[in-house]
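Trainee: First to last, the protein sequences are chains A and B.
So this note's numbering is basically just the index in the first sequence, starting at one, shifted up by 49.
So this note's numbering is basically just the index in the second sequence, starting at one, shifted up by 49.
Treat the hints with caution; some may be incorrect.
Pairs involving identical chains hold if they fit within one copy or between any two copies, as the list cannot separate such chains.
[Claimed, not checked] In the DMTMM-like style, the derived pairs of lysine to aspartate or glutamate whose C-alpha atoms are separated by at most 20 Å in a straight line are: (1) Lys336 - Glu593; (2) Lys365 - Glu52; (3) Lys578 - Glu406; (4) Lys592 - Glu406; (5) Lys98 - Asp262; (6) Lys595 - Asp607; (7) Lys167 - Asp506; (8) Lys55 - Asp128; (9) Lys253 - Asp605; (10) Lys253 - Glu689; (11) Lys692 - Glu406; (12) Lys686 - Glu406; (13) Lys692 - Glu255; (14) Lys365 - Asp611.
Calculated from the structure, these hints are not laboratory results.
Keep in mind the model is a prediction, meaning the values are calculated, not measured.
2 protein chains.
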Amino acid sequence: MFEFLKINADLGVIFMCAVGVILSVLLVIGIKRVKIFDPRMNEISSFIKGGAMAYLYRQYKVLAVFLVLMFFLIGFLPDLGFGVAAAFLFGAILSCCAGYMGMRTAVISNVRTAESAKKGLSSAFKIAFSGGAVMGILVVSIGAFGVALVSYIMRLIDPNADPNLVNQLLTGFSLGASSVALFCRVGGGIYTKAADVGADLVGKVEAGIPEDDPKNPAVIADNVGDNVGDVAGMGADLFESYVGCIIAALLLAADSFNIVNSYHILLLVAGGLLASFVGIVITRLLKTKNASLSLNIGTYVSSALLVGVSYLVFSKNIYLFLCVLCGIVAGVLIGKLTEIYTSAKYKTVKKIAASGETGSATNILSGYAAGMKSTALPIIVIAAVIVISYSLGIVSGSAFGDQAQQCGHIGVVLAALGMLATVGMIVSVDAYGPIADNAGGIAQMSNLDKSVREITDNLDSVGNTTAAIGKGFSIGSAALTSLALIVSYTHAAKLDTIDIFSANVLGGLLIGGMLSYLFSALTINSVSKAANHMIAEVRRQFKEKKGIMAGTEKPDYDKCVDISTKAAIREMILPGIIAIVAPIVVGIIPGLGKEALAGLLIGATVTGVLQAISMSNSGGAWDNAKKYVEEGHHGGKNSEAHKASVIGDTVGDPLKDTAGPSLNILIKLMSIVAVVFAPLFLK
Amino acid sequence: MFEFLKINADLGVIFMCAVGVILSVLLVIGIKRVKIFDPRMNEISSFIKGGAMAYLYRQYKVLAVFLVLMFFLIGFLPDLGFGVAAAFLFGAILSCCAGYMGMRTAVISNVRTAESAKKGLSSAFKIAFSGGAVMGILVVSIGAFGVALVSYIMRLIDPNADPNLVNQLLTGFSLGASSVALFCRVGGGIYTKAADVGADLVGKVEAGIPEDDPKNPAVIADNVGDNVGDVAGMGADLFESYVGCIIAALLLAADSFNIVNSYHILLLVAGGLLASFVGIVITRLLKTKNASLSLNIGTYVSSALLVGVSYLVFSKNIYLFLCVLCGIVAGVLIGKLTEIYTSAKYKTVKKIAASGETGSATNILSGYAAGMKSTALPIIVIAAVIVISYSLGIVSGSAFGDQAQQCGHIGVVLAALGMLATVGMIVSVDAYGPIADNAGGIAQMSNLDKSVREITDNLDSVGNTTAAIGKGFSIGSAALTSLALIVSYTHAAKLDTIDIFSANVLGGLLIGGMLSYLFSALTINSVSKAANHMIAEVRRQFKEKKGIMAGTEKPDYDKCVDISTKAAIREMILPGIIAIVAPIVVGIIPGLGKEALAGLLIGATVTGVLQAISMSNSGGAWDNAKKYVEEGHHGGKNSEAHKASVIGDTVGDPLKDTAGPSLNILIKLMSIVAVVFAPLFLK
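Same shape as in the complex, but just chain A (with noise of 0.2 Å):
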């Protein structure tokens, strides 16, 4: 069995996914099962999933025009070809599937949870939960399934075959999830905080109308943005992740290792997602009034289930086991302090909200200071991962007299590969949030019942949480991927070591570090520029229809809607551009060279992690220390504390679901980069 398994690993994944597809088909179909009557609902809910779908097409099509440029770009390279060009265009369009399968069934859950929720808390968290679980099976059913497949054509077409030629494919197909997931991320990021920004901003504060009111244009862009960003922009960067830390490892493994193959990196896959599914299938059929306990039972039981899986696994090599194992406990870490940071439970937003008390300017500079300090101790946590994995990799290699650099690599990837094997259960529980969120959006436009508001406000309320964890945990594993493709890049290009105390990596790390900034700089100003001309329209439709605030005339979404859309689509370009030209150019320039690009990689990876996790704690924190003011204290709303607070909010926001998360997919795009055009630089 385990004889048939080695040999046969791909097709075992290939048949988890399978697994995979089955269960999301059933999840779907009971999804449908609740049926809506409520024309008004219907409405709106056609109205969401009509900007949705419309939002997505419109990105598919510049991402059209982008894919194939780069295919002609990378099959016209004599060192690339078509044979990476085609692995490219695989993986971009299977994560676009991911994308576009996991919002149509997002967009359709969304009303039904609404409508579950007038049955009770149990029903709608059931159809909400089953809604996100759809993105997170899919996500990684359809990503391990291309790796897998990759893998299985190349050994069917030629057993022995030269492994670069299947390296390089592999990269390819990992550079296409990589390059769609950058554009759905800061494209979603703007989509979301834009419309977020112009609803809350003309119609919260100035028109002082409730959130979620149908009266305000923009609430329909609004729910369509946590649609586009929180799911779209979110599934398709752990997509990314995934896809590049399996491929990663794939690339070491297959640089002759002694202690570790190709078929133990799949049959880990294949057992993670076994333990996704069993976790997702677990918290689904769990009756339970609490949404939290439920969600966290599905993940604890996932990641017991891993544990055992690599424990079978490794059971010949228990230092590796032992390297999984600190992947696995290293997310749950990072997923808590995260929480610790962000929820109002603990000191740090109390303090925030405190601190409101004396102004929009204390409040801003102490959710500053917090998001900067909560990066202490989850670096910590990163930093003992890779030192500690790395150190088991090379006892674990020295028997065998396998090279100890390559072993502690190798222990550092299988760290990371355990932090993500159970990615479909964070996808499921983070993509949960925005359903939850938008079903409270429908209940609330379509004047349902207070009761159905109270739950589905509920359910929200545990989304966040559960979001700011899914940042956390994006972060570190993005952190672990970039540098294990960091590795590959160095295999790739050649390189021994890279001191970094000579000039053009010093000068690589300060330019790297600076990308990040940068980056940082260029989607918070898109932000603020779209949601100007959001807040524009948004006023204007206010003055010249007098009949909406009297609730006589209805407002023009689609104007709105198609506002963030254009802005989305013509701010992602440029951000782009630089993630992919950037290394290229500093590759091939004389005087800096492939060293320096090394250095460059690392710089942005430390940098980018510092920045990602400072501006997604910041503004979590911001978050929650808003709705601590509004649940009465420190004045309640509408005191002092409560309008510093919306402030810090407003500043929070595209720190944290923009600027924040595109980082976490611009280190591992650049890596991606460096490896695919690695055989540029060697000349």
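Got chain A sorted already, so can you dock chain B onto it with the hints?
Mentor: Just chain B now, with coordinates in the frame of chain A:
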């Protein structure tokens, strides 16, 4: 002649230092010639002087405890010993002397600047600049004197002394200077911003009285803060950079180079002193009506002179001259770039001011993004200096058979020295600003004629621009100095190559980067805490002493001075301890060790420089955006845009005057700690 100088280069430096001391005595005599007869002015001046001196005494008392502890710690460590401990103490005491004398001069100059302003701009400018110049001259003269004296004494005692011993003494000296600098910068930064924020929030915003109104109980603390933070703190900062850079150059030169010897370094230092002095004298003698122009002429003259001197010093190896030239040009460029990002003449500040029209949140976001974006070009300049001067160093050494990498490093350190050699001029220009600012405060509080205030305002606004340029300069020079010291560390720790891909180096990079975030968070929080105390105290006085606002009762200035003093002293301790302890702990811990420490230093430098540029420029831009609005743009004073810009300015204050500048010291101090304690990590 040249042969004599070659052997007695240290005596040449000591001679130039003596010239500097005479020059500063002459300047002080010139300042004291202005007599003050107005009793009100004398009273206010004595308050400020008293507060500033009281703060210094208390700071030195705490420092004394720390210095004695460190003295015995270093003395009893078998690898270091009491020789190094004595050098450490010597460096610390000299740094204190420079700070003490410079600040003493500053506090007698400010009232005399106000007095001279009665006679016109030119007279006032002469006094303000003389006050700043004393600080500038003392910083470089005392710093260079200490280094040259250590070197000369060792030559007298034993001409064939072990070069390692000399190096150890020099680094001990540098550690003393750095430790004092950290406490002065952090303490001064907290002092000045706590007073500033407290005075502004309650005085200007709540009580509605103008800036520098004697009714405000925090007004004296605010004026004291300008001296404590912007004069003493900044002076200590550049004293450290200057000393650290010279010593790093001497260490590298001592490591058996054929191309550079210690006399080259010392001659360059002496030439730099000369260039600074000439620039200062010319600026002082010029009869001009444009303060900005005079300062620029002085700066350019000293830079041009330095170009000439360094050409003479390195006439036999033109490549090394080009390295120095690189540094000089980069210093000017970084200063200019800083001006572009922070002056209201350029579009960045105008955009930030405009964004205030849609509220505080958009104002904060655009300033925050502008700071991050402003890292791009200065980082490219720094990276280019490193890459180019490294290559030039290698070329220069190739004919002499020196080891390539070491020659590259000497190239980088010469560029750093080029940037720093005219630091005497830079500090003079920088310290002039707060003197003019204080003069304005005294004029306001003494009810002098409006024309006097107009002249001091004019001088002050020029000072704001020069302060921003000075900040850019100190960051750039801190980056290069820190790198030079890290290179010295690798020699001291006998590290040949630091492979970026060994796990402990990676872990070190992450932890180092994190430290600069943590450090910023701590200092910002300290300011917030201290400002809250100040706010409470000012409110209490207004409430309990009803006569203050009526003008019948005097506010209790001492109480506010006391709050700032205590807070600054208390809050400077934790960041100081982190900076000194963290590198030692990482160097000693098993599993991390000396390689990890190298990673830590690089990580802290890369991230620290980015953070420092970003925070300083954000803060400077917000400050000038506020002034721009106050000039009447976007609705002028009391408009929505103005309120938003005041919040932006308050947020930016601790970023640009506390956290940002403190990072400069953090990175240099950690590097010098690593050099001094390197023998501990060898076991």
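Trainee: Run every hint past the structure and note whether it holds.
Mentor: Against the structure, the hints come out as follows:
1. Proximity of lysine 336 to glutamate 593 under the C-alpha cut-off of 20 Å is found in neither arrangement, the shortest distances being 51 Å within a copy and 62 Å between copies.
2. Taking the shortest Cα distances, lysine 365 and glutamate 52 sit within 20 Å of each other inside one copy (14 Å), while across copies they are farther apart (72 Å).
3. In this homomeric assembly, lysine 578 and glutamate 406 come within 20 Å of each other (Cα to Cα) only across copies, at 13 Å, whereas the closest approach inside a single copy is 30 Å.
4. Only between protomers do lysine 592 and glutamate 406 lie at most 20 Å apart by alpha-carbon distance; the minimum there is 19 Å, versus 34 Å within a single protomer.
5. Taking the shortest alpha-carbon separations for lysine 98 and aspartate 262, only the intra-copy value of 18 Å comes in at or below 20 Å, while the best inter-copy value is 60 Å.
6. Proximity of lysine 595 and aspartate 607 under a CA criterion of 20 Å is satisfied intra-copy only: 18 Å inside one chain copy versus 59 Å between copies.
7. Proximity of lysine 167 and aspartate 506 under a CA criterion of 20 Å is satisfied intra-copy only: 13 Å inside one chain copy versus 67 Å between copies.
8. Proximity of lysine 55 to aspartate 128 under the C-alpha cut-off of 20 Å is found in neither arrangement, the shortest distances being 32 Å within a copy and 56 Å between copies.
9. Within a single copy, lysine 253 and aspartate 605 get their C-alpha atoms as close as 18 Å, which meets the 20 Å cut-off; across copies the closest is 44 Å, which misses it.
10. Taking the closest pair of Cα atoms, lysine 253 and glutamate 689 come within 20 Å of each other both inside a single copy (16 Å) and across two copies (18 Å).
11. In this homomeric assembly, lysine 692 and glutamate 406 come within 20 Å of each other (Cα to Cα) both inside a single copy, at 9 Å, and across copies, at 17 Å.
12. Taking the shortest Cα distances, lysine 686 and glutamate 406 sit within 20 Å of each other inside one copy (13 Å), while across copies they are farther apart (24 Å).
13. For the identical chains of this complex, lysine 692 and glutamate 255 are neighbours both inside a copy (13 Å) and across copies (17 Å), given an alpha-carbon limit of 20 Å.
14. Taking the closest pair of Cα atoms, lysine 365 and aspartate 611 never come within 20 Å of each other, the shortest separation being 58 Å inside a single copy and 67 Å across copies.
Hint compliance for this structure: hints 1, 8 and 14 are broken, all remaining hints hold.
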